[in-house]
Structure formats: C-alpha cells, structure tokens
Amino acid sequence: MTRTMEKIAPALLIVSVFVVWELFCLMAGISELVLPRPTQIVAALVKYAPAIWPHAWQTFYTTMVGFAFGVAIGLSLGVLIGSSKLAYKTAYPLLVGISSVPKVAVVPIFVLWFGAGTVPAILTAMIICIFPIVVNVATGIATVEPELEDVMRSLKATKMEILRNVGLPRSMPYFFASLKVAITLSFVGSVIAETVASNKGVGNLMMIAASSFNVPLVFAGLMVLAVMGMSLYAIFSVIERRMAGWAMRKEVQ
Amino acid sequence: MKQVPIVELQKVGVTYGQGPDQTEALVPTDLTIAKGDFVALVGPSGCGKSTILKLVSELLEPTSGTILFGGRELGAKPMRVGMAFQSASLLPWMSVRENVMLPLKIVPPFKADFRAKKGGEYRDRVDDLLAQVGLLDFADKSPWQLSGGMMQRANLCRALIHDPDLLLLDEPFGALDQFTREELWQTLQALWLDRGITVMLVTHDLREAAYLASRVCVMSARPGRIIEDRAVPFARPRPIDITFESDFVSLVQDLRGQIVHAPVGRTEDAA
Ligand SMILES: Nc1ncnc2c1ncn2[C@@H]1O[C@H](COP(=O)(O)OP(=O)(O)O)[C@@H](O)[C@H]1O
Ligand SMILES: [Mg+2]
Numbered sequence: 001m002t003r004t005m006e007k008i009a010p011a012l013l014i015v016s017v018f019v020v021w022e023l024f025c026l027m028a029g030i031s032e033l034v035l036p037r038p039t040q041i042v043a044a045l046v047k048y049a050p051a052i053w054p055h056a057w058q059t060f061y062t063t064m065v066g067f068a069f070g071v072a073i074g075l076s077l078g079v080l081i082g083s084s085k086l087a088y089k090t091a092y093p094l095l096v097g098i099s100s101v102p103k104v105a106v107v108p109i110f111v112l113w114f115g116a117g118t119v120p121a122i123l124t125a126m127i128i129c130i131f132p133i134v135v136n137v138a139t140g141i142a143t144v145e146p147e148l149e150d151v152m153r154s155l156k157a158t159k160m161e162i163l164r165n166v167g168l169p170r171s172m173p174y175f176f177a178s179l180k181v182a183i184t185l186s187f188v189g190s191v192i193a194e195t196v197a198s199n200k201g202v203g204n205l206m207m208i209a210a211s212s213f214n215v216p217l218v219f220a221g222l223m224v225l226a227v228m229g230m231s232l233y234a235i236f237s238v239i240e241r242r243m244a245g246w247a248m249r250k251e252v253q
Numbered sequence: 001m002k003q004v005p006i007v008e009l010q011k012v013g014v015t016y017g018q019g020p021d022q023t024e025a026l027v028p029t030d031l032t033i034a035k036g037d038f039v040a041l042v043g044p045s046g047c048g049k050s051t052i053l054k055l056v057s058e059l060l061e062p063t064s065g066t067i068l069f070g071g072r073e074l075g076a077k078p079m080r081v082g083m084a085f086q087s088a089s090l091l092p093w094m095s096v097r098e099n100v101m102l103p104l105k106i107v108p109p110f111k112a113d114f115r116a117k118k119g120g121e122y123r124d125r126v127d128d129l130l131a132q133v134g135l136l137d138f139a140d141k142s143p144w145q146l147s148g149g150m151m152q153r154a155n156l157c158r159a160l161i162h163d164p165d166l167l168l169l170d171e172p173f174g175a176l177d178q179f180t181r182e183e184l185w186q187t188l189q190a191l192w193l194d195r196g197i198t199v200m201l202v203t204h205d206l207r208e209a210a211y212l213a214s215r216v217c218v219m220s221a222r223p224g225r226i227i228e229d230r231a232v233p234f235a236r237p238r239p240i241d242i243t244f245e246s247d248f249v250s251l252v253q254d255l256r257g258q259i260v261h262a263p264v265g266r267t268e269d270a271a
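Just so you know, the protein sequences line up as chains Y and G, in that order. The first sequence begins at 1 in full-length UniProt numbering and counts up one residue at a time. The second sequence begins at 1 in full-length UniProt numbering and counts up one residue at a time.
Looking at chain Y on its own, in the form it has when it is part of the complex:
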C-alpha cells in the first residue's frame, strides 16, 4: 500500500501542480500573455508541433555532439591527471580556475570565431561538461587504496597494469555518476548558446516567440526543454545503475 503510494506520489505531485496552475490562472483571470494555462500550452504544443520538431532535434543534436566530445576529452584528461600525482597537483588549480569561469561568457568568443549557428552551441555544450567528468574520473583513479596499490606494486605490476586492472574499473562508477550531471550541463550550454546566437534550436525558437508575444509557444518551448532535460537525466541515471551496480552496494573494506 505505502509502496505503491511511494511510486505514484511524484507523478501525483506533478499533476496537482498543473491542476493548481490551471485553476489559479482561471480564477485570477490571468492573461495568456503573462502566464498561459497548462491546457493552452498543450494546445500550442499540438498546434506548433511541426514547427517545434526541427528545433527540438537541433537542440538534441548539438547537445549530444558536444556532450560526446566533452566525454571523450574529459575521460582522457581525467585518466591522465588521475594516474600521476604530479599531473594531478599541476593541473588541478588550472581546472578549478577554468571551471569557475561562467561558461556562458565564452559563447560570444565562439560566435566571433565560428559565426552564429550550430558550432558555438556544440562547443558550449562540450566545454561546459568537461570539468565534472575530469574531476570524477581523476578522483576515482587517484583514490585507489594505498594497500591495494602496494599489493599490485609488490607483484611488479606496471603503471599501465594497475590502471587497467584497478584504476579504470574503479573510476567507472565516478565516471557514470558524472555523466548524468554532464549531460544536464551540456543541455543547458547548448540552449544558452542557441538563445544568444543561433537561428535554430529550442532556445532560439523561444526567443523569436517571445519577441512576437506568442507566450503559449514560449511556454511550449519550455515544456519541450523540461521533458528533454528530464529524459536525458533519467536515461543516464539508468545507464549509471546498469554499468556500475556494484558501486551501489556497500563498499568493500
């Protein structure tokens, strides 16, 4: 009884939020130019679906391409930095420095170099997701138990062998945990870049809709983004659980 309650409660909450929103707008007589009702948003979604679809695809595409590059770079850098104490100590301050720059600030530079459009969106999505991956992978590798490292070294294992047999597998849960954060960041980066400098993508669609006071369409875009963001997060949560189930168990002493 309580078990099923726990399962449906989140969905119930979302539905109630929409119901309250709908009723509130109706009773307070709020104009759709300020805050459209959920039913109006859904109507806009249906009406503009053919127009929204290519934009949603564009946002998805730039997010995934940027994310893929970010994962490749982040994983390699993480392995590099995690495997050497010197590299770890040398590169860490720089990484923290880079990470504290708001990534949005680099969008104009990308536009300057590559022109408005797809490329800045991909690059923003890429650069924004590298840091958490690097840090997680490096931490996973660098925190191998000293005893285990001694056991391996006493077997005359090379650095590569230790990395392959211990460091890398050990860092995988950290890596997959960082992916769900990274994909969300990529998505944010991509939308921001589209909003600022593109003629495609959901961000751009919302900008244009807003400038023509098509408020239901703006909110329809927002809905699309929310659903995409949540789905991406959910997908990578599942991947995380699949790939590193052992890490969810209690740690072995």
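Hints may be right or wrong, so weigh each one.
What the hints assert, rightly or not - One side only, chain Y facing chain G, incomplete, derived with CB under 7 Å:
#: 1; residue: Glu145
#: 2; residue: Glu147
#: 3; residue: Leu148
#: 4; residue: Asp150
#: 5; residue: Val151
#: 6; residue: Ser154
#: 7; residue: Ala157
#: 8; residue: Glu161
#: 9; residue: Arg164
#: 10; residue: Pro169
#: 11; residue: Met243
#: 12; residue: Trp246
Unchecked claim - DSS-like, lysine-lysine: derived pairs with alpha carbons at most 27 Å apart:
#: 13; chain 1: G; residue 1: Lys111; chain 2: Y; residue 2: Lys159
#: 14; chain 1: Y; residue 1: Lys200; chain 2: G; residue 2: Lys35
#: 15; chain 1: Y; residue 1: Lys159; chain 2: G; residue 2: Lys105
Stated by the list, open to error - Rough simulated footprint, nothing fancy, chain Y against chain G, three-plus residues with beta-carbon under 8 Å:
#: 16; stretch: 123-133
#: 17; stretch: 231-245
Derived from the structure by calculation, the hints contain no laboratory data. Just so you know, even glycine gets a beta-carbon here, dropped at the ideal spot from N, CA and C.
Keeping the supplied structure of chain Y fixed, place chain G with the ligands upon it in accordance with the hints.
Positioned in the frame of chain Y, the structure of chain G with the ligands alone reads:
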C-alpha cells in the same frame, strides 16, 4: 640441515623524508630469512615493522645497507612476493575467484598463458586454493557478500596464488574478532605446512606471533631495530589449545616484557 637464505638484510637502514622532516624509521639492521621460515615481527606501533616488509617487497629502497635475495643482490633475480594487509582491499566489481586470479594476470610466467587462454586453465588452480581455505562455495560471490574473516581468506589466496617465494603479511588479522582470528591462524598454519612457503608476518598480537611463527623477532621502539630473535620450539601442527599451556603463556609474557622494557632507539653501534 643447510639453511638456504631467501632474504638477507645487511646493515639496512631507512630514513623517511629529507631535511628537518626526516624520520629515522630503521637503525641499520641485520636479518636473515631462510627458505621455509615462518618469521613474526613484533614491536610497538611505529617501530618500522611495515617498513621492513616494504623493503623486502621492493616497494621501498633502503637508505643504507644491502638486501640480498638468495645470496644475490635484490633485483638481480626477480623475487616473487605475495602481500596481504589488514584491509583486504578486494576489488568489488570482480567475483571472489576473479579477485584471487588477479596476480596471474600480472606475474610472469602465468601472465603469458593468461593472455593466450583467457585464464581458463587457471580456474582449477584458483578453486583448489579456495577449497583449501574453505571458500570454494563462495567463489562466484562478490566480495561484499563475504564476512570479514572470509575476505581475509580470499586476501590470503590472492597473495598465494602465484606461488610466491615469500609471503608477506602486515597485520592481516588485526581487524577480526578473537574467534575468527584463531580460525584464520589455523588456516594459515595449514597452508604453511602444506605448501612449504616462507612467511614474514607483522603483528602486534604476541599470541598470534607465538602460535604461528617458528621465529619471533622483537623490535625496539622507533627508530626500530631487532632486539631479540627467538626460536619458537612448539611442535607442529599446533592445536589452538596450546595457547593455554604454560610454556606458551610464559613465552608470550617474555616477549611482552622484552617490548615493554626495550631501550628506546639506538643503543648499539658499540662494536
Ligand atoms: N612514507 C613515510 N613517510 C614518512 N614517515 C613514514 C613513512 N612511512 C612510515 N613512516 C614513519 O616511519 C616509522 C615506521 O613506520 P612503520 O614501518 O609503518 O611502523 P609499524 O608498521 O611498525 O607500525 C613510523 O614512525 C612512521 O611514522
Ligand atoms: Mg605497520
């Protein structure tokens, strides 16, 4: 019977760190381990017991002195060692069997075969060892499904699977309850009797040293040195009841006295 030395420390000293942060961990020390020996190293915490194990396993270079292996300088001929620590540090993403197999992926000559045959033929080898320590039924389990004592059994297996010339144990049973610990003493003794291995055991439990070892080396407080090298005469296999016999108890008390009244640091160098 001729004693074949497997390891000889000749005036080996260790100082950690440099400049003002220096810590002298080991005063130049001599120690010879013969093939088939079971040597226990006991002494107060921080006296350099783990340091000696690290020297012998080549994890650490001595600051002074020489280490000979089989009469030759260490490094001349690769020596195979197996190590186990208090924390079992099994890899949680592998089964118990895969954990025990790990050294075979790394240590020659097994390594070459392992690559070629993906380890299939080593399965029996691992299972035999697991059976010997009573873990065969848990071979396919994950480490986190084992009790602390079982983890240490698997840890012992991992340290032995590649037939090391020397088994190095650093307080392997330190985190176990008394009952489990005594069970593991018996397991380790059986392995030693059966396989003719050479063991160096670091422990702070004097009963453990007296029960298991053929020789107990007592160390002084830091900077450490060996102040007593005592043969333990009890016949093998030793039943666990031996720990209540008066000879055993007085040996343990003797060792305790040695440690408590040990002169601190360096007093030798007179000769
Ligand atoms: N890597 C290290 N750097 C500096 N000092 C160390 C290091 N390892 C051990 N020591 C010091 O050397 C002494 C001996 O250490 P250790 O051999 O681990 O002692 P034990 O195992 O007998 O408790 C201790 O005082 C310890 O603080
Ligand atoms: Mg120690």
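Going down the list of hints, with the structure as the test:
no.: 1; hint: Glu145; result: 5 Å, holds
no.: 2; hint: Glu147; result: 4 Å, holds
no.: 3; hint: Leu148; result: 4 Å, holds
no.: 4; hint: Asp150; result: 6 Å, holds
no.: 5; hint: Val151; result: 5 Å, holds
no.: 6; hint: Ser154; result: 4 Å, holds
no.: 7; hint: Ala157; result: 5 Å, holds
no.: 8; hint: Glu161; result: 6 Å, holds
no.: 9; hint: Arg164; result: 9 Å, violated
no.: 10; hint: Pro169; result: 5 Å, holds
no.: 11; hint: Met243; result: 10 Å, violated
no.: 12; hint: Trp246; result: 5 Å, holds
no.: 13; hint: G:Lys111 <-> Y:Lys159; result: 16 Å, holds
no.: 14; hint: Y:Lys200 <-> G:Lys35; result: 76 Å, violated
no.: 15; hint: Y:Lys159 <-> G:Lys105; result: 14 Å, holds
no.: 16; hint: 123-133; result: violated (count 0)
no.: 17; hint: 231-245; result: violated (count 0)
Hint violations for this structure: numbers 9, 11, 14, 16 and 17, all remaining hints satisfied.
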